[in-house]
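Engineer: Spelled out from the first residue to the last, the chains are:
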Amino acid sequence: MSLYKIAGGTVYDPANGIDGEVRDIWIRDGRIVDPPDDPGTKPDRTLDASHRVVMPGGVDMHCHIAGPKVNMARKMMPDDKRNAEPVRRTAYTRSGTVGSVPSTFATGYLYAGLGYTTAFDAAIPPLAARHAHEELQDTPVIDKGFFVLMGNNHYIMEQLQNNEEERLKNYVSWLLNATKGYAAKIVNPGGVEVWKSTGGNATGLDDSIEHFEVTPRQILTGVARAATELGCPHPVHVHCNNLGMPGNWQTTLETMKALDGQKGHLTHIQFHSYGGHPDDQATFCSEVPKLAEYVNAHDRLTIDVGQVMFAETTSMTGDGPLGYFLHKVTGRKWYSGDTEMEAGCGIVPIVYKNKSLVHALQWAIGLEWYLLIDDPWRVAMSTDHPNGGSFMAYPEIIALLMDRTRREEVLKGVPEGLRERCSLPDLNREYTLNEIAIITRAGPARMLGLPNKGHLGIGADADITIYNPQDDIQQMFELPKYVIKSGEIIVEDGEIRRDERGKLLHIGPAFDESHTDHIREWFEKYYTIRFRNYPVDDHYLGESHELVATQPM
Amino acid sequence: MPAEFILIPGRTSKQGTSLNEGKYTDNYQTEINTLQMNPDDMDRLSIAEGDVVRVWNSFGSVDVPVKSGKAELPIGVLFISYGDKSCRLMGGETHGSGMPDSKGLDVLLEKVES
Amino acid sequence: MATEIDQEKAPAKLKIVEDATCTFCGCVCDDMELTVEGNTITKAKNACVLGKSWFFNHHIEDRPEAMIDGQPASYDEAFDVAADVLFHSQYAITYGLSDTTCEAQRVAVAITDWIGGNLDTTTSVCHGPSGMAFQGVGEVTATLGEIRNRADYLIFWGGNPAESHPRHFTKYSLMPKGQFVPNGRKDRTAVLIDVRKTKSAKAVDTFLQIRPRSDFELAWALRGLARGIDVDPSVEEKTGIPLEQLVEVMEGMKRAKFGAILFGMGVTMTRGKHINSEAVLALARDMNRHTRWIAKPMRGHGNVTGADNVVSWSTGYPFGVSLTRGYPRFNPGEFTSSDLLARREADAALIIASDPMSNFSQPARDHLASIPVVVLDPKLSDTARIAKVAFTTATYGINTTGTVYRMDDIPLPLRPAFESPFKSDYEILKAIEARIRKRQLQAVS
Chain R
1 MSLYKIAGGT VYDPANGIDG EVRDIWIRDG RIVDPPDDPG TKPDRTLDAS
51 HRVVMPGGVD MHCHIAGPKV NMARKMMPDD KRNAEPVRRT AYTRSGTVGS
101 VPSTFATGYL YAGLGYTTAF DAAIPPLAAR HAHEELQDTP VIDKGFFVLM
151 GNNHYIMEQL QNNEEERLKN YVSWLLNATK GYAAKIVNPG GVEVWKSTGG
201 NATGLDDSIE HFEVTPRQIL TGVARAATEL GCPHPVHVHC NNLGMPGNWQ
251 TTLETMKALD GQKGHLTHIQ FHSYGGHPDD QATFCSEVPK LAEYVNAHDR
301 LTIDVGQVMF AETTSMTGDG PLGYFLHKVT GRKWYSGDTE MEAGCGIVPI
351 VYKNKSLVHA LQWAIGLEWY LLIDDPWRVA MSTDHPNGGS FMAYPEIIAL
401 LMDRTRREEV LKGVPEGLRE RCSLPDLNRE YTLNEIAIIT RAGPARMLGL
451 PNKGHLGIGA DADITIYNPQ DDIQQMFELP KYVIKSGEII VEDGEIRRDE
501 RGKLLHIGPA FDESHTDHIR EWFEKYYTIR FRNYPVDDHY LGESHELVAT
551 QPM
Chain S
1 MPAEFILIPG RTSKQGTSLN EGKYTDNYQT EINTLQMNPD DMDRLSIAEG
51 DVVRVWNSFG SVDVPVKSGK AELPIGVLFI SYGDKSCRLM GGETHGSGMP
101 DSKGLDVLLE KVES
Chain F
1 MATEIDQEKA PAKLKIVEDA TCTFCGCVCD DMELTVEGNT ITKAKNACVL
51 GKSWFFNHHI EDRPEAMIDG QPASYDEAFD VAADVLFHSQ YAITYGLSDT
101 TCEAQRVAVA ITDWIGGNLD TTTSVCHGPS GMAFQGVGEV TATLGEIRNR
151 ADYLIFWGGN PAESHPRHFT KYSLMPKGQF VPNGRKDRTA VLIDVRKTKS
201 AKAVDTFLQI RPRSDFELAW ALRGLARGID VDPSVEEKTG IPLEQLVEVM
251 EGMKRAKFGA ILFGMGVTMT RGKHINSEAV LALARDMNRH TRWIAKPMRG
301 HGNVTGADNV VSWSTGYPFG VSLTRGYPRF NPGEFTSSDL LARREADAAL
351 IIASDPMSNF SQPARDHLAS IPVVVLDPKL SDTARIAKVA FTTATYGINT
401 TGTVYRMDDI PLPLRPAFES PFKSDYEILK AIEARIRKRQ LQAVS
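Same order as they appear, the protein sequences are chains R, S and F. All letters in the first sequence, in the order written, are residues 1 to 553 by the working numbering. All letters in the second sequence, in the order written, are residues 1 to 114 by the working numbering. All letters in the third sequence, in the order written, are residues 1 to 445 by the working numbering.
A hint or two may mislead.
[Claimed, not checked] Far from chain F, by Cβ distances over 12 Å, these chain S residues were calculated:
| no. | residue |
| --- | --- |
| 1 | A3 |
| 2 | G22 |
| 3 | T30 |
| 4 | T34 |
| 5 | R44 |
| 6 | D51 |
| 7 | D63 |
| 8 | P65 |
| 9 | R88 |
| 10 | D106 |
| 11 | L108 |
| 12 | E110 |
| 13 | V112 |
| 14 | S114 |
[Said to hold, decoys possible] Quick look at which bits of chain S chain F covers, simulated, 3 or more residues with Cβ under 8 Å:
| no. | segment |
| --- | --- |
| 15 | 6-16 |
| 16 | 77-87 |
| 17 | 91-99 |
I should point out that these hints are in silico values taken from the structure, not numbers from a laboratory. Computed from a predicted structure; not experimentally measured. Beta carbons are placed, not taken as given, at the ideal position from N, Cα and C, and that holds for glycine.
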């Protein structure tokens, strides 16, 4: 019950309207509390934060850090780790490997080292939920959860085919409960099923998916409606059709329009904002201005960027046909894994080079998104780790956003053709520290509907990052002075001081039991495991978890 | 004159079932200590079921009784369930793979006259 | 405690455990219906011949809970000695792990990390080469349900599922009626490629009896045909299969809607090893130019797939991991157990649910018998017999809960049938870890 005070820091807490004010923060039992009534009260401990920048802990709302896909990438890529500085065992902490897909223990320590205290894996096939939980238990320090893949689920497609909205809604709820997941995710709706059955892909929102006779549009709107009606704290999380294809911006715009005023989050939108003709690389260009204009005018839409950085990384996706496409383009090793009744997966190593016009445009398109969205509360920082780059690149991205001259430096090294294919060279906007605090913690926490994250108000989890202000913004964000998790100092000057498990964040929306039999009947027809062995029991919640409330309509 | 063979150690379902009873049961011990051979090879070398043969290579040598592999085994190929005997014919070299040559071993075979 | 006494006095009650999971082989069938009378399983509905023998023969054995130097000892004494052996070792190896729960595997990995030992599993001597092949070319694969629901062309290669994975044919691949193959066996074409004409040959449409050690050449010839390259008829001399027959098989493979190659250790254990696996994985991958094809190694032990997963997520590498420098390094041939023993480098060993004394090479066995070994096994084994400390353990899945991964990476829960007086691998490893950590933390404070 000790009382802890962080004294005199310059606080950036945008959720509470605090933009660089010198304040004290009081902590008790891992949460932020009111200052004591008696001004003479002495805290048990005080941390001097004067002349330092104090922010809530970072929140990564879309990354790939756990589960079958991530682990397959680890297995497939020893080459990716050989030259990367490893995480060494200490008296208190475990060892690990890094590269673009760090091992679990390394992932937790590296996030914490960057001042991030919460992260969500964005694509778990329900059948592998147990696996994701096991890995998350071995991912220390950070609080975490995952999104559940639903966009190519046979039961969902069958209910849409038969106009069974109640069944659809209850199944979405059942699935979130059974997996102990956090949100509904759709990846290339319908397209992955086409890949699994024929090796092809869906080409747009109105393709009819063979056998089920539903369209990607129906899947999108059906799952979106279910998530809304169930009162999920985070709305449907959408990976659009046609990822990576020149000309795909129109599919993306159609997707936004199809949501028709419903809440929705469009993820790694950088990969979905391309102009040009699908069969002609030379026509590849940015269409961010048109898409950003639409997002700016529709306040129920939020996005994360999926920034590409110039480096070697690993592409990993629930979008099976995309994996095959990348394998054909790069000629490199390729993993594809299809999950019965539910999902697909593709993994291919990839190198983003600044000398490649396409890669340079992808980099520029990501930055255009940050700079063209008027309201920073509706754009979250992400690299779609590790797809566009590692989460370790966040400090560099922050520097690019806060300092226009850094962008100009990079632009000097990219192909000339970039200037006429995107608007980035003309964008002068520079982010403020407060805006950075929004896109890296306050905004994503709000988009996720996490009441106790991303802010420093009373009752919030005491997850706090304290930086030494520096002229070199990248360095400042790469090496926080202190990282506090649940009220304890975990990191000091880049050293992990103590191990901490972190908690699982999940939801349990209401479910009408009368739907169980129908789900069971379908399940037992096609799955190769028993219905009773599918739901994840409490044993997998680990030492600590939090059930985040739903608010049904 | 010793005859040249290729030895393929492997698992059988009988080994699998008797394993659960225990490794020191007669069933299991018989399974891992019996060599199977193509009946034509047995005729050619005048070996009857139950005869003991010596099998060796540069790594080791074992004496084992023979039974007919019936139609399962092609001529020139021997089979034995994994166990002490097959271990004795395996070398430690893994050619950088971690896996010692465990199947398809070149061996010589000769009948042990009793 | 009163309840325990009551239970002892009461006549054995009949109990039914539904949806129990069989951990004998990599199929990990989770539809067992076990009838349990006291400490005996008397019926195992849905179990195959291997599953039945697994469930019927794991009684509570009349053995001491632990042995030190061959003498009966208490768990507590044995924990101390085991911790002592591992704590004082310079180069300990941890090996086995494929027949225990993920929960126990995670503790074994932790111990090895804390003491800076070498971490390896039975994968290195089963599908380790397939793991290396995966790192070379990748893998196009799917869960067993995809095969069941879609596959109309099956190739079984270098394996004998009829005997090694008896329910694979009936539950997952050859026989079942599936979503897009409603007539089951009638909708599927099946080919077996093997050196021996095993019992599996009877189940398939075409049996290709290849010459020993020609798997690579056969796969390469098929890859050529898949790409429309003329293959020299001399392939028959090497493989024993006429070119015309290969052409015919390839035509069938291209006509299929969804094909699957299921390959066994006939591919991985033979000369060529990971190169053989690479050829097979590349063939399945290449076939996707024509239609959907996948490949899948037929994993043997009940939770070897879990071991691969746990070791991978903890260290970044699937097997053959050295933690001796304080961080993970991977090198098959260097950090694999068979090599470390055959080269006489290891100075202690922690062997969990495995019996290397009965399947390692002679030089490896000789060295293992000469160093202090800590063994966890429900039954007496050749390795337990040479151990410094041997723990008798509860049997996973029969006596303990936990998680196991099926050969297609699907994690499944265990539903134990009855309690064992012996501790689980997890409990024993936790106790050893706690003792080691206590000493380590005392040393730094």
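Engineer: Can we confirm that no CB of chain F comes within 12 Å of the CB of P65 of chain S?
Structural biologist: 19 Å, holds
Engineer: Taking 8 Å as the C-beta cutoff, is the stated coverage of the segment 6-16 of chain S by chain F satisfied by three or more residues?
Structural biologist: Holds, because 7 residues of the segment 6-16 of chain S bring their Cβ atoms closer than 8 Å to Cβ atoms of chain F.
Engineer: R88 of chain S: least C-beta distance to chain F exceeds 12 Å?
Structural biologist: Violated, since 5 Å does not exceed 12 Å.
Engineer: Would D106 of chain S pass as off the interface with chain F, using Cβ distances and a cut of 12 Å?
Structural biologist: 10 Å, violated
Engineer: Does E110 of chain S sit more than 12 Å from chain F, CB to CB?
Structural biologist: 20 Å, holds
Engineer: Far enough from chain F: is every CB of that chain over 12 Å from the CB of L108 of chain S?
Structural biologist: 16 Å, holds
Engineer: If we take the beta carbon of D63 of chain S, is the closest beta carbon in chain F still more than 12 Å away?
Structural biologist: 15 Å, holds
Engineer: Counting residues of the segment 77-87 of chain S that have a beta-carbon nearer than 8 Å to any beta-carbon of chain F, does the count reach 3?
Structural biologist: Coverage by chain F holds here, the residue count being 7 at a Cβ distance below 8 Å.
Engineer: Is the claim that T30 of chain S lies outside the interface with chain F correct, judged by CB distances over 12 Å?
Structural biologist: 15 Å, holds
Engineer: Okay, the segment 91-99 of chain S and chain F, do three or more residues pass the C-beta test at under 8 Å?
Structural biologist: holds (count 9)
Engineer: Taking the closest pair, is the beta carbon of V112 of chain S still more than 12 Å from chain F?
Structural biologist: 20 Å, holds
Engineer: Is it correct that the beta-carbon of R44 of chain S has no partner in chain F closer than or equal to 12 Å?
Structural biologist: About 18 Å separates R44 of chain S from the closest Cβ of chain F, which puts it past 12 Å; holds.
Violated hints, in rising order: 2, 9 and 10; the structure is consistent with all others.
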